Amino acid sequence: MIYFEKRLAPSRATTIVTPILAVILTMIAGGIMFAALGKDPFEAIRIIFWDPLFDPNFADYSRPQLLVKAGPLILIAIGLSVGFKAGIWNIGAEGQYIMGAIFGAAAALSVYPTESALIFPAMIVAGAFGGWLWAMIPAVLRTKFKTNEILVSLMLVYVAESILASVSQGLLKNPDGYGFPGSRNLQQYPSAFNEEVFTNSGMHWGVITAFIAVIFTYIMMTRHIRGFEVRLMGEAPKAAQFAGVSTTRLIVFCLGFSGALAGLAGMFEVSGPAGQITIDFNSGYGFTAIIVAFLGRLHPIGILLAGLLMALTYIGGELAQLMLGLPGASIQLFQGMLLLFLLATDIFTNYRLRFQGAS
Amino acid sequence: MDLLGINPILLIASLMVSATPILLAATGELVVEKSGVLNLGVEGMMIVGAVVGFITAVTVESPALGFATAAIAGALLSLIFAILVLYFKSNQVATGLGLTLVGLGISALLGKPYEGIKSPSLESLDIPLLSDLPVVGRMLFSHDAMVYISILVVLLVWYTLKHTRLGLILRAVGENHDAAHALGYKVIHIRMFAIMFGGACAGLGGAYISLARVPQWTEGMTAGAGWIALAIVVFASWKPWRALVGAYLFGGITVLQLNLQAAGVAIPVEYLSMSPFLITIAVLVIISAKGNHGAPASLGRLFHASN
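Sequence lines, in order, name chains A and B. Quick note, the first sequence lines up with residues 5 to 363 if you use the working numbering. Quick note, the second sequence lines up with residues 121 to 427 if you use the working numbering.
Worth flagging that the hints you see were computed from the coordinates, not collected in a lab. Keep in mind that this is a model prediction, so the values were computed, not measured. Among the hints, erroneous ones may be present.
Between beta-carbon pairs, the in silico distance windows are [unchecked claim]:
#, chain 1, residue 1, chain 2, residue 2, range
1, B, V385, A, F58, 56 to 62 Å
2, B, I203, A, S114, 50 to 56 Å
3, A, F58, B, I203, 21 to 27 Å
4, A, W54, B, E235, 46 to 52 Å
5, B, A409, A, A121, 35 to 41 Å
6, A, R356, B, A299, 23 to 29 Å
7, A, A243, B, P128, 20 to 26 Å
8, A, E199, B, D298, 45 to 51 Å
The beta-carbon is built from N, C-alpha and C at its ideal position, and this holds for glycine as well.
Only chain A is shown next, with the shape it has when bound in the complex (with noise of 0.2 Å):
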């Protein structure tokens, strides 16, 4: 008989070797259901995997690409990432995200078209609180009320593209736009424009404040008291509880946290490789940002590789459209079912595979 037995203490070399295995088996399911939308599996693979970094015609282009992708990723799985280590579920950062974009375009086209450089870092205050104000709401319910936070930052999601929707046609509608909807173009506007540091790197300000949040991160955890907190609360509740960390804090700060890094996600995408705010500028983000983070196992620099393979499939993904015809909406699932994949395969890190003869 075969069963699992629970492990006295996660094992480290599975934490590492379970992300590869998934990775690997959602390959192998990738491949075939690419085989039975009747393209050939093998190519497809290369396309998404090796293409956009290695082939001489595209790596030009996509090798930028990669950071413009990963960097709002990682930059909201590092911030998601904290709360579900402390079994805070914040969910909706796709609605954060939008806020935050909304906040920081909003903060540059008040005072458009003064030039000043005062005006970017407004821009980044600004889009963090709107991403913050917009994850405080779950989080002041949740401590006053008990309300699940899960189901409130998720349906804020849903009111956040509404919002977009009546900005992007309302307030912040290009008036020299001919009617149509959208704001202005934030790249045309000098002081607002969050312009690539390095030429062709695609290293935008957004890609660098999400490296600075993966070392801050990692320090918070290993370092900082309140990384312990997080820790002990996720881990064993009941002892964080006499140990005297405060709940309420602690889910006003993971959600804040990550709340306010979606935001920064957001004002960097609008300020940078959007440009605009319109009506479909949200693009799923903060739910591919889910992925990221569990197959980062919830450790920053696991998220930031994860970020980068998760802006790989993206890229890939979009050369495979282009390439082979593939679906974009077998992307998607691709990376849905990697979630799974990884979901399945963390069950060897927490237990142990035993044979058992007939006793």
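Add chain B to chain A, keeping to what the hints say.
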């Protein structure tokens, strides 16, 4: 603005139609949660039900078969969740989310060739005599069969949970899985059954959107209905009849805001379309502020039989 143009009879009639998908999904999820499992994949199962039901109904030109395959598809998708959560002991919140993401992907992939087609229409089931009643007849007794089936499902779930041995065992598993295990009940099997029932209900609910309410296929057409269903389970305090009330209230708000949009009220469309979500949040707050409200004690907790 033409508020008088809103016909209250039509309003209530369309309220029932609008509430049916959420009611089905919420009732299914209620059973799942009663067994102690939180499946956040409702949205994913609904949309897969919507697309599979639609494809079947269009291909074989039978809405009834569409609903049947939608239920099967929902149950099969929930089986993935069940295996991961019950056998691989994965985190329920993350797995449910993963299921939603996968469901959205599958549905977009399958549904692409079927965009812009109209589904065969559902016949309305005029209940003899009752549907001829003035006012009430049009309002309550001349809907399609699924509206009544959804109410029957609520009745069935209520009766099973409250008055049968199966229901008692299911609740025992949800309240204290270790005790239920010690008594010799197969915790895993019972939860597996509950999850698949929830999946089938969500699939039916999704198919009702694509076959009756809209009726055509567009990507992402469930538009948050699955999440609303999850909220309604909380609103209902895990009681089937209150889920019915919750779903109809929500259906009422949705229909009313659509009617207000059509009537050209001075409130911008975006604010009207966010209102159902805001009201759901408000209701969740009111319910949760009242304190302990009957959540199954083992809800979301991991079960591992240690011998």
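Is 45 to 51 Å right for how far apart the beta carbons of E199(A) and D298(B) are? violated, 59 Å
23 to 29 Å as the expected CB spacing between A299(B) and R356(A), which holds or is violated: holds, 27 Å
Taking the CB of I203(B) and the CB of S114(A), does the distance hold inside 50 to 56 Å? For I203(B) and S114(A) the Cβ distance comes to about 53 Å; the hint holds.
Given the range 35 to 41 Å, decide if the beta-carbon distance of A409(B) to A121(A) lies inside it. Since the Cβ atoms of A409(B) and A121(A) sit about 47 Å apart, the hinted range of 35 to 41 Å is violated.
Taking 20 to 26 Å as the stated bounds, is the beta-carbon spacing between A243(A) and P128(B) within them? violated, 57 Å
Is the distance from the Cβ of W54(A) to the Cβ of E235(B) consistent with 46 to 52 Å? violated, 32 Å
Given a hinted range of 56 to 62 Å, is it respected by the beta-carbon distance of V385(B) and F58(A)? Roughly 57 Å apart at Cβ, these two residues keep to the hinted range, so it holds.
Does the Cβ pair F58(A), I203(B) satisfy 21 to 27 Å? violated, 37 Å
In the structure shown, a violation is registered for the earlier hints numbered 3, 4, 5, 7 and 8, in ascending order.
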